[in-house]
Amino acid sequence: MAAEGAATGVEVLPAELAPAENMAAIDILSLTPAGLYCAAGDFFIDPPRPVSRALVTHAHSDHARPGHAKVLATRETLALMAIRYGPGFAGSAQAAGLGEKLMLGPVEVGFHPAGHVLGSAQIRLALKGRTLVVSGDYKREPDPTCAGFKPIRCDVFITEATFGLPIFRHSRTSAEIEKLLASLKIFPERAHLVGAYALGKAQRVMALLRAAGYDRPIYLHGAMERLTEFYASEGVGFGEIRKVSGADRAKLRGEIVICPPGALQDPWSRGFPDPLAAFASGWMRVRARAKQRGVELPLVISDHADWNGLLATIRETGCEKLLVTHGEADALTHWARGQGLLAEPLHIRAHGEEDEPMHAAAEGD
Amino acid sequence: MNGFAAFLDRLAFELSRANKLRLMTEFLRATPDPERGYALAALTGALSFKFAKPGLIRALIAARVDPVLFGLSYDFVGDLAETVALLWPAPDDADRPASGNGAPLLLSEVVAALATAGKQDLPRKLSDWLDALDETGRWALLKLITGSLRIGVSARLAKTAVADLGGMSADQIEEVWHGLAPPYLDLFAWMEGREAKPASSDPAPFCPAMLAHAIEAKDFDALAPSEFLAEWKWDGVRVQAVVGRAANGRKVARLFSRNGEDLSAAFPDLMDHLAQVPCREFALDGELLILRQGCVEAFSVLQQRLNRKSVSAKLLADYPAHIRAYDLLRHDGLDLRPLPFVQRRARLAGFIEAGVGPRLDLSPLVAFRSWLDLADARRDPRRFGAGADAEAIEGLMLKRADSLYIPGRPKGLWYKWKRDPFTVDAVLMYAQRGHGKRSSLYSDYTFGVWREDDLVPVGKAYFGFTDAELAELDRYVRANTINRFGPVREVAHEPAQGLVLEVAFEGLNRSSRHKSGVAMRFPRIARIRWDKPPCEADRIETLEALLKA
Ligand SMILES: [Zn+2]
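Respectively, the protein sequence lines represent chains A and B.
Mapping of the first sequence onto our numbering: residues 4 to 368, in sequence order.
Mapping of the second sequence onto our numbering: residues 26 to 574, in sequence order.
No wet-lab data here; the hints were simulated from the structure.
Be aware that a few hints might be false.
What the hints assert, rightly or not - No farther apart than 30 Å at their CA atoms in a straight line, the calculated lysine-lysine pairs in the BS3-like style are these:
(1) A/K294 / A/K182
(2) B/K78 / A/K294
(3) B/K243 / B/K436
(4) B/K150 / B/K78
(5) B/K540 / A/K294
(6) A/K294 / B/K436
Chain A on its own, in the form it takes in the complex (with noise of 0.2 Å):
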């Protein structure tokens, strides 16, 4: 460790930070019971539990909890976080602007779009010459309802791997719209509620089929409303949206409704005519995780790189030394090692729970 530590400019750890058995020092960062932590900036980046200064990539509450001392991230994420958390989210809160500079100690500190959801960005910090990029969670599909991943140079790479598995390779997701638009056409008379997450999903799906040139109203979910309206008034379009709350479900013939995903199966579906249950998420993918959650209409659409996205993101990176976070870590590092990087999978342990329809965790959100 120490001998390590001396090589990359990581001062000696506080006690109660002290590295556990499967911590791996990770050149500016290091991996503690707390989260990633820089010691030199004496930082976290999207900790898990109340630390004196996080740096957070986004809004997603995998990655953003509230009660930080001191909070860095984009002014979008603060919004967010405001919303979800109330205004009280953290001790003092500051705006990073996408691609400015800033100092933490040594470290020079930079937030980059990442192309996930609304205000979601990259993390780049630089020390004695050496850079290295947190991804936070990152897709490399245009999204019209935020800013597009900008991939960075570096030297060591922290990427997610939610998507880490050749088989997921995301079709087009206009097709999937399609196919929602198609199922309507043979339908007509059954409510179509299209499971999706309440921050970022929810509201690509609904940008999405504008796009496609859907034009009747667009009812949402209300546990959506707050997040949808920030979005709008961040100047993304979404034509005319009503609550549910305010409507006669029995009348939703033929209508969309965007819901979370755990109000599919709830007792809240059951007022629609004959509902049919759409779930935008990437791991529709696959056909028996769909059935599992009694999914009609499964929808391809993912906020997450798919693998020929991690794979062409790793290759720019130019990146020496890959740590794979959350996900299907082992399959990438396979691939890495035979691409002649140093590759590595990073187990931390509460990413990967928002936006991961598969565990309990995330059906309440």
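We have chain A; now place chain B with the ligand onto it with these hints.
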């Protein structure tokens, strides 16, 4: 092929029968000949070509994908065809090449090529097709050619969809079905009013079977004993024996299950005898049994003859097959089905008395005046005429004397009154490894019955079978696993695919802990119904009726 695949994919996710029907009818309406005909053949299991072995598909993907990545992917997906469909390194949808002649690949091309392809051509053909298809297309193709297409649609439902095109009933389709072949141009022409009903060129066609309802205690009050005839319900396999004469004058004999599945090949001994019956043409309804020294053997003995790929001379000698006749449906050019049962029965008796050989006899009527009489007979068939055959009786059939032979399960005409009221035909859904010396075998079975179009679990049993049966069940579970959850395997359970278990139990209680609302006391596997398709398993209403009784 991509269009057919997208349709199958959609159908496989649809839960309700009515909506499945809608999807099928819409697809058949919108798809031109002969594509829709081959699609119908795929849905009804009527496509017959040499199926590709999983080994061939593994070899194709091994040549294209890193073995570690394949292994991790297969573990995650759990289904070979789907894993390969997802992994296949095909060009993007946008710049996908069409098949050889520049047009998209058609299902009919695949069917035609598979009918003629030699073994050595198959890998090449298959990889060309996989290159030409999208992911859903690859999935459907691989499922189709490995014979593992399971989309939760029965042949009956598919025929109902065809019937809907012409405003007819599935039974009208069944009438002509056995004379038809893919791509069913004549059938669709009939449905669309372009041509007359296809002439049945089949000299020995199947007549859709008439089935009975389970009688409930409350039913008796409303039924007059004098209007009914009773007969034993034999513990064998319900069959239909049909004999006719082909255009060339040759006699054709066929044996069908009650769903119209052709069982002839497994019973050459019986077919010989049927062909020798001195009658030009007939169709009769009866029970397939094994008789030795004039005695009916138990169902477990008959099972030795069921689901056999080959029939040895020894098997034929040791287990001589027999038909005990209940009903006569056609006789010498006459359709008897529009006659009352009592008249058909008289004709049947005359037909049998005229001499039909040793392998065919008449199932006797059980005399009774009151329901109480009949209850006694049911309790002790030995004293009421069944003699030594009593062990092979599973109850009574009550048939209205004036009942016409109506396909399906018409209400109020035929009832079955089982000897042991506490048995139910359930479908195997999950299997779990046993304990102790059974820990290497899947020996704990969770089974379900139908509620609407879904199976709902009603109990769990881990005894009632022999060691030999356990070994067979274990093999079945391993070969038909669709999901794994730790020590538990989910076994295929669709209307047309799955295993029916006859479950015996001591009683039934209401239960709020079970999704089905009922809990069985001491359930055990009474027998394995290898012969019965899951769509014929019991429904939750049967159990709910027991609760009320
Ligand atoms: Zn996220």
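In ascending order, which of the hints set out earlier in this document are inconsistent with the structure? 6
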